[in-house]
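Taking the hints into account, I'd like the entire structure generated from these sequences.
Chains A and B supply the protein sequences, listed in that same order.
Reading the first sequence from the start, the letters are residues 2 to 90 in this note's numbering.
Reading the second sequence from the start, the letters are residues 154 to 794 in this note's numbering.
The reader is advised that the hints may include incorrect statements.
Claimed, not checked - DSSO-like cross-link-like pairs, simulated, lysine-lysine; straight-line CA separation at most 30 angstroms:
(1) Lys380(B) with Lys492(B)
(2) Lys20(A) with Lys781(B)
(3) Lys17(A) with Lys492(B)
(4) Lys368(B) with Lys380(B)
(5) Lys20(A) with Lys719(B)
(6) Lys781(B) with Lys715(B)
Claimed, not checked - Incomplete in silico selection of chain A near chain B, CB under 7 angstroms:
(7) Tyr27
(8) Tyr29
(9) Val38
(10) Gly40
(11) Pro44
(12) Ser58
(13) Gly62
(14) Ile66
To be clear, the hints were calculated from the coordinates, so they are not data collected in a lab.
Predicted model only: the values in this text are computed from it and were never measured.
Each residue gets a CB set at the ideal place from its N, CA and C atoms; glycine is no exception.
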Amino acid sequence: MHGPAIKLDADNAAVKKSKLGVILFYAYTLVYIGFVVIGLVNPELLSLHVLGEQNLSIIYGFGLIVLAIVMGFIYNALCTRMEDNMNKK
Amino acid sequence: MIYTVSIWAIIIFLTFVAIVLGLSFYFAGKTKSAAGYYAAGGHIHWGINGIAFAGDYLSAASFLGICGMIAYSGYDGFLYSIGYLAGWIVALFLVAEPLKRLGKFTFTDALDARFNSKSIKLTASISTLVVSIFYLIPQMIGAGDLIVPLLGLPYWSGVLIVGSIVIFIVATAGMASTTYVQFIKGALLIVFSTILTIYILNNGLNLNPGDDYHKFIKIGASLEGKKVTGTTDSSYTFVDSHTLDNKFTFVRLEKQGVQRWFKLSKDSASLDEMLSVSTLEDGTKLYNGEPQAAAKFFQVGHMSKIIVDGKEVEKTGPLGPFEFLSTLENSELVRFTKKDILAANTTVWFQTPTSGKDMLSPGLLLKISSKTGATIWDKLNFFSLMLALFLGTSALPHILIRYYTVASQRAARKSTIVAIAAIGFFYILTLYMGLGASVNGVLDVESSNMSGPLLAKYFGVGLFSIISAIAFATVLGTVAGLIVASSGAIAHDFMDKFLNMKMTDKKKVRAGKLAAFGVGLFAIMLGILFKGMNVSFLVGLAFAVAASANLPSILFLLFWEKTTAKGISWSIVVGILSSVFIILLSPAMYERYGLAKSLAPIPLDNPGIFSIPLATIVLVVVSLLTQKDNKDKVENYHNNK
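Encoded structure:
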């Protein structure tokens with residue numbers, strides 16, 4: 002039978018972290034879908050200036066990349082706190 | 154294109170190769186066990202693993218392919234950057250920690266953790282091989298493309314060199330040497346891409362990319378009705394003209410024994426010079442009417458109008474990152490569009506003035522606006538691509554195995570976040586590198602993949618040498634990861650687990666090395682066969698196959714308790730077959746077969762929109778039909794929850 006290459010400690014926070022992951026995944030997916038839907042339904046919108054001299058394509062595209070990084074840090078901070086609280090020996 | 158080889162490029166390249174080989178020798182002595190070979194012992198620091206993730210993921214597709222695509226098609230290339238990065242969200246939030254908890258060495262281990270099923274072992278190992286091979290092809294193409302300007306060697310030798318070095322890296326120390334090669338390469342790629350971007354911004358925009366940039370000829374056209382019969386310049390003799398798509402008229406003229414191609418302008422007033430490659434009956438190729446050695450086939454891409462504060466200027470001087478984008482958006486540049494004139498055995502690239510506004514919005518490559526004639530298939534193609542990119546990352550076996558090189562779930566999560574930050578930053582830079590290449594006269598129209606390195610050459614041979622050596626290492630790092638994944642699929646999943654060959658630890662390592670050798674040779678062959686295709690496009694297909702074959706299985710295994718071994722196996726089979734079937738009948742592949750794109754029976758280049766839901770439905774239906782099998786399943790996963 003399989004198993005991790007090295008022995009892992011029990012993780013009491015696994016279920017809570019998993020739920021948090023699913024919520025954040027849905028949140029990001031929604032923003033991503035928004036971009037795709039604009040491209041499909043009204044791509045001309047992407048050429049409109051929305052912030053200073055930058056068009057929606059640039060702002061949304063950069064935004065998706067930056068949002069992924071920011072959400073990653075938030076997720077890690079929350080997961081680490083859950084692990085520290087729930088896996089106390 | 155003829156390139157001048159720099160001695161510095163050769164020295165830096167050889168130094169890099171020596172370091173890589175030295176690392177492999179160093180780790181070879183330490184890699185005795187299967188855990189060491191396949192998972193680097195499971196004790197890599199999360200920070201190093203995160204950058205190694207970036208080194209693994211930022212393949213030839215990211216640096217060579219995306220930059221090239223942005224340089225030729227603007228924002229459409231950047232869509233790949235967005236999709237590739239967004240895919241990491243699925244990996245981080247849904248896959249990273251559970252997969253770390255389930256697996257041992259390979260992605261198949263994780264899928265099979267609850268079932269101990271022969272069919273999963275077989276289908277998942279085949280899937281790993283298929284996806285890895287799809288991913289290997291563009292990497293080898295990138296290597297071949299790079300070696301031409303870097304060392305002045307022919308394309309095939311680049312493929313051979315990369316193949317040989319990677320076989321050596323993997324066959325000596327497996328995942329340990331691979332990890333450190335990827336770490337070094339990932340870090341260098343990000344640092345030097347940042348430096349290149351600073352050069353681009355400091356250079357700003359300029360109507361004249363350089364003193365040696367070719368000045369395109371424009372001569373008056375003589376017409377009878379709508380037909381071109383000659384020119385107003387008596388030094389040229391009219392040869393013939395060809396009209397394509399009822400839209401473009403291409404004219405062949407001769408001067409001093411050299412035939413050159415021109416395009417009739419939209420207002421039919423002038424003939425504009427083009428680039429051309431003609432193949433003669435004996436197979437000889439003429440570049441702009443002359444043999445390749447005459448070096449008359451120049452690099453292109455320039456600004457045709459620069460607007461600052463509503464006024465036309467010749468150059469801007471240094472620009473800030475956002476100022477660069479807004480100035481470009483207000484201005485106009487000249488792209489080069491490719492057309493094949495089959496009747497004359499000639500490929501031409503003609504000047505296409507393009508507004509900055511079009512360059513910085515989707516639509517130049519992927520038709521998505523109904524106003525520009527996009528059909529429902531074009532829109533599906535766009536949707537399909539964005540879906541495959543989003544879902545593909547967390548289904549790539551060579552990425553997933555990196556979760557087994559760290560010590561804990563927390564380390565797996567942290568290394569994913571380091572990877573997202575590093576990769577995200579790099580992808581933002583791709584927009585600047587691609588746009589920089591499009592306006593500084595560096596494009597080699599025969600290979601979009603070379604745009605990034607050739608842009609570096611524009612700023613100096615030193616930077617070009619370093620960037621090219623890093624790009625070459627980019628290919629090395631990714632190919633090494635792919636070959637580790639493939640060798641694990643063959644030796645660990647198939648031979649050891651599926652065939653139950655009961656190998657000792659030592660024999661497992663030897664089998665892995667032999668498998669690495671075999672896959673490496675196969676990759677060399679494919680790299681030579683697929684010369685000339687854009688590497689990012691091909692990686693997009695690898696993502697689609699991965700997302701179709703693997704992702705439904707991974708997600709349903711983690712989140713749906715009714716998933717059965719048969720459901721997973723059938724989903725993998727249907728995912729692979731349906732995605733590969735659609736790809737083989739797609740317009741892009743028809744072009745590859747030498748047939749007209751319009752003859753393709755499936756007018757869709759990216760299969761994800763059909764193959765991913767199909768594989769998911771199969772998984773659900775087969776699982777529901779085989780619920781009784783689940784009584785025997787091993788409860789490892791839930792016991793560990």
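Open item on the list: Hint check: Lys781(B) vs Lys715(B), CA-CA at most 30 angstroms. Holds or violated?
Closed with: holds, 10 angstroms
Open item on the list: Given Gly40(A) as an interface hint, is its Cβ closer than 7 angstroms to any Cβ of chain B?
Closed with: Since the shortest Cβ distance to chain B is 5 angstroms, the answer is holds.
Task: Pair hint Lys380(B) and Lys492(B), alpha-carbon separation not exceeding 30 angstroms - done: Between Lys380(B) and Lys492(B) the Cα gap is close to 20 angstroms, so the pair holds against 30 angstroms.
- [ ] Have a go at the Tyr27(A) hint: is there a Cβ in chain B nearer than 7 angstroms to its own Cβ?
- [x] violated, 9 angstroms
Open item on the list: Holds or violated: Lys20(A) and Lys781(B), Cα atoms, limit 30 angstroms.
Closed with: holds, 28 angstroms
Task: Restraint check, 7 angstroms cut-off on beta carbons, for Ile66(A) near chain B - done: At 5 angstroms from the nearest chain B Cβ, Ile66(A) passes the 7 angstroms test, so the hint holds.
- [ ] Take the C-alpha atoms of Lys368(B) and Lys380(B), compute the straight-line distance between them, and say whether it is at most 30 angstroms.
- [x] Within the cut-off at roughly 27 angstroms; holds.
- [ ] Answer holds if the nearest beta-carbon of chain B is closer than 7 angstroms to that of Tyr29(A); otherwise answer violated.
- [x] Check passed: Cβ of Tyr29(A) comes within 5 angstroms of chain B, closer than 7 angstroms.
TODO: Below or equal to 30 angstroms on CA atoms is what counts here, so check Lys20(A) against Lys719(B).
DONE: The given pair, whose Cα atoms are some 27 angstroms apart, holds under the 30 angstroms limit.
TODO: Go through the hint on Ser58(A) and say holds or violated, using the shortest Cβ distance to chain B against 7 angstroms.
DONE: Result: holds, 5 angstroms to nearest chain B Cβ.
Task: Hint check: 7 angstroms Cβ-Cβ cutoff, Pro44(A) to chain B - done: Nearest chain B Cβ about 5 angstroms off; hint holds.
Task: Hint check, Gly62(A) versus chain B [nearest Cβ-Cβ separation less than 7 angstroms] - done: With a minimum Cβ separation of about 5 angstroms from chain B (threshold 7 angstroms), the hint on Gly62(A) holds.
Of the numbered hints given earlier, the model fails hints 3, 7, 9; all others are met.
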